[in-house]
Amino acid sequence: MKVGLVDDRLIDLDKLKAIVTGIPDIEVIFSTLSAEEAYEQIKKEEIDLLIADIEMPNLSGYELADIIHTHALNISVIFVTGNSGYAVHAFELNVHDYIMKPYPRERLVQSIERLLEKTKSAEIHGRLYLKQKNEIHILQKKDIIFIERSGRSTTIYTKSGPIKTYQTLGELEGELRERDFIRSHRSFIINIHYVKNFSLYAKNSYIVTFEGIEEQAMITKEKVDFLQQNYF
Amino acid sequence: MLYWGTIVVLGGLCFYAFLSRLSISKKLNTLLEEAKHFDEQRAQFNETFRVVRSERHEFLKHVSAMHFMLENGKNEEVKHYLDELVEGYKETNLSIKGERGVVAGILHQMYRKARALDIAIVYDFDLPLSSLPLSDQQIVTLIGNLLSNSIDACEEWQKEHKSQSFLTLQFYKRSGLYILTCKNSTLPIPASILDHLFESFGKTTKGDGHEGLGTKLIHDVVDVATGFLDFVCKDEEFTVKIKIPAIKGN
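Chains as they are written, first to last, in the numbering used here: chain A, 1 to 232; chain B, 1001 to 1250.
Don't read these hints as lab results, they were simulated from the structure. In this text, a Cβ means the ideal position worked out from N, Cα and C, and glycines have one as well. Mixed in with the good hints, there may be bad ones.
Said to hold, decoys possible - To spell it out: a stretch of chain B is covered by chain A in this simulated footprint if at least three of its residues, at any positions, have a beta carbon under 8 Å from a beta carbon of chain A; those stretches are:
{"id": "1", "stretch": "1117-1124"}
{"id": "2", "stretch": "1159-1173"}
{"id": "3", "stretch": "1177-1187"}
{"id": "4", "stretch": "1218-1230"}
{"id": "5", "stretch": "1241-1247"}
Isolated chain A (complex conformation) (with noise of 0.2 Å):
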């Protein structure tokens, strides 16, 4: 997980610091006394997790924290502050968490190990070479929703819609190795990322409904519960 740090207190900054880097999986991207150097970070977009002071001169943290906000930047914020008075408004910005000075390092450790437990996921990297009749059809693992067989052909729905082919499951599930992707049933493979709910269908199975997407497929029982015992 990449990091920023800002604090306009070095002897706070320093604290920060030393607590971040002894994490094992966090990287600081930037540390800076100054918030406006850190708004100027924050816009490359490349940190997960911006630490910041609230009080500081300029530019305050809430206002980093609103601007991340307001643009729906993927980076958590944790509120490190010597005043209670700005609760209000972290409520209101859904921060990850807001840690009152003088604070203990655990209470900080715990806090980033919280947040690297929930946005732990291994991204699937890699492609989907599909041979059709007289071409090549080139998908991102990552964009694969689910893939369906029904009678002698094979819908592979992705992100960007579904795609046909006369693959087998078999064979697709010989090239999706990756552990994000699960023979849910004996005609579906699932990409559990995109998994929003379960409803009961019969006894022994249910019916998968995932985000962005109006298709379902079937999961079994016994691989929702290998789902729990296996993942997270």
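Since chain A is already given, all that's left is putting chain B on it; use the hints.
Below, chain B alone, put in the same frame as chain A:
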């Protein structure tokens, strides 16, 4: 012969009666425990409602007090006054945000109990706990037992270590699964108890008057929701992770 036969039959009947009595008394115990919980919950619910009502009631008075201070140029005092006021609102807001009444009640009470014992408690919810596909009673049983066990463990840890313990409750949703994690400080738990934790009655780390019922009730709720429960006890830290599938129409 007939005499012996009668004795055997009577003996069998007595044994059967003894077994059913045992199971009835177990059921009765569970029901009594549940009734006790519901009474506590009602009290908590009323208390939370009272706090929210009183905050609402005082609202205008606070505004006019600050207005008066501002008009008289007492800016520093207003700031201080507001800080204190917000601190109180923050506490209530944490627990009632998007929650149904009973759930808010239990969250708020547990938060206050932990704060009173000087435990560092954090609620980190991506979505309200009330969105779990469970009934209010089940959510309250689950959360109430989880938190009260954790608070008890933290309290013991603090007594032993003479420093502040921590408790965090985290809730989020991933891939159609609701994930609830409760993490707290704990003194080492004997393996004999850990082996049966969440599985059966009668094993407890607590003193007299506790029957080890809480963890079993938690497990029952998770089972009903076809969920999954796992726990880790390591380095004086106890973590329970509960996964519940988001099944609609349940």
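Verification of the supplied hints:
1. 1117-1124: holds (count 3)
2. 1159-1173: Three-residue rule met by the stretch 1159-1173 of chain B, so holds; n is 5.
3. 1177-1187: With 4 residues close enough to chain A, the hint holds.
4. 1218-1230: holds (count 3)
5. 1241-1247: holds (count 4)
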